[in-house]
Amino acid sequence: KQEVTQIPAALSVPEGENLVLNCSFTDSAIYNLQWFRQDPGKGLTSLLLIQSSQREQTSGRLNASLDKSSGRSTLYIAASQPGDSATYLCAVSDGNQFYFGTGTSLTVIP
Amino acid sequence: DGGITQSPKYLFRKEGQNVTLSCEQNLNHDAMYWYRQDPGQGLRLIYYSQIVNDFQKGDIAEGYSVSREKKESFPLTVTSAQKNPTAFYLCASSRRNEQFFGPGTRLTVL
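Top to bottom, those sequences are chains A and B. Residue numbering for the first sequence follows my numbering, beginning at 135 and increasing consecutively. Residue numbering for the second sequence follows my numbering, beginning at -5 and increasing consecutively.
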């Protein structure tokens, strides 16, 4: 069964710093990988979707990469802001179900 | 506006009662999902449905039931057989293996 791991579980950085969040998965037979943001008590908001044939996707200050062969993805956040504080989750799809990591809780200190 | 709605936002249940959580989507997505989220844990799949009148059990289906009579609706019933139902419940739909989430329902057992 697919297992998804996110490291670190929590991260605290000063405002303006660039940062990287990590996501690893055990089975490389995936359709795509999706990064989400979750604010406390809210649903998940989709940030980026990377198809299995793609290497990376960018949206504004966010850049996500995918290395299927090594079972890894990274989410790069440039010039972090206090409004970026949230929990970030990654999920992989096998075409039928989605498998989620436990998330990285990010705090950006003003 | 297209999206997924969940109601109610907060729900309180007495022990021994069944309760039903509503999930409606107007995105015209075929697939819908129910997840449970507990503090410090990732999302766990309860049930999913790829088409109308068909659904499959996820990893933690015991004590829950669903129906999929309409494409846009996927209600979840938490039965008295679910021993520890207090949690945050998230509904999602997907198209081409990209998931979208509702705002969630927080269920508390009194």
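Hints listed in this document are in silico derivations from the structure and should not be mistaken for laboratory results. In this text, a Cβ means the ideal position worked out from N, Cα and C, and glycines have one as well. Some hints here could point you the wrong way.
Unchecked claim - Cut-off 27 Å, straight-line C-alpha distance, at most; resulting in silico cross-link-like pairs (DSS-like, lysine-lysine): (1) B:LYS64 - A:LYS135; (2) A:LYS202 - B:LYS77; (3) B:LYS64 - B:LYS3; (4) B:LYS65 - A:LYS176; (5) A:LYS176 - B:LYS64; (6) A:LYS135 - B:LYS77; (7) A:LYS135 - B:LYS51; (8) B:LYS51 - A:LYS176; (9) A:LYS135 - A:LYS202; (10) B:LYS8 - B:LYS65; (11) B:LYS77 - B:LYS3; (12) A:LYS176 - B:LYS3.
What the hints assert, rightly or not - Cβ pair distances, simulated, as ranges: (13) A:TYR165 - B:SER61: 24 to 34 Å; (14) A:PRO142 - B:GLU9: 36 to 46 Å; (15) B:THR14 - A:ASN230: 18 to 28 Å; (16) B:GLY34 - A:ASN197: 23 to 33 Å; (17) A:GLN185 - B:LEU21: 30 to 40 Å.
Now the hints, each set against the structure:
Of the supplied pair hints, the one linking LYS64 (chain B) and LYS135 (chain A) is violated, its CA atoms being roughly 31 Å apart against a limit of 27 Å. With a CA separation close to 39 Å, the supplied pair LYS202 (chain A) and LYS77 (chain B) exceeds the 27 Å bound. Between LYS64 (chain B) and LYS3 (chain B), the direct Cα distance comes to roughly 22 Å. Compliance with the 27 Å bound is thereby established for this hinted pair. The hinted pair formed by LYS65 (chain B) and LYS176 (chain A) meets the criterion: a straight-line CA distance of about 24 Å does not exceed 27 Å.
A C-alpha spacing of about 26 Å is found between LYS176 (chain A) and LYS64 (chain B), which places the hinted pair at or below 27 Å, so the restraint holds. A C-alpha spacing of about 26 Å is found between LYS135 (chain A) and LYS77 (chain B), which places the hinted pair at or below 27 Å, so the restraint holds. Under the criterion of a C-alpha separation no larger than 27 Å, the hint pairing LYS135 (chain A) with LYS51 (chain B) is consistent with the structure, at around 15 Å. A distance of roughly 25 Å separates the Cα atoms of LYS51 (chain B) and LYS176 (chain A); the hinted pair therefore holds under the 27 Å criterion.
Using a Cα cut-off of 27 Å, the hinted pair LYS135 (chain A) and LYS202 (chain A) holds, with the two alpha carbons roughly 16 Å apart. Of the pairs offered as hints, the one joining LYS8 (chain B) and LYS65 (chain B) is violated, with about 31 Å between alpha carbons and a cut-off of 27 Å exceeded. With a CA separation close to 21 Å, the supplied pair LYS77 (chain B) and LYS3 (chain B) stays within the 27 Å bound. Taking the CA atoms of LYS176 (chain A) and LYS3 (chain B), the gap is near 10 Å; set against the 27 Å cutoff, the hint holds.
Between TYR165 (chain A) and SER61 (chain B) the Cβ separation comes to about 27 Å, which falls inside the hinted range of 24 to 34 Å. Distance hint for PRO142 (chain A) and GLU9 (chain B): a CB-CB separation of about 38 Å, consistent with the stated range 36 to 46 Å. Judged by the Cβ atoms, the range 18 to 28 Å given for THR14 (chain B) and ASN230 (chain A) holds: they are separated by roughly 26 Å. A hinted range of 23 to 33 Å for the beta carbons of GLY34 (chain B) and ASN197 (chain A) is consistent with their spacing of about 28 Å.
Our hint of 30 to 40 Å for GLN185 (chain A) and LEU21 (chain B) is violated, since their Cβ atoms are close to 19 Å apart.
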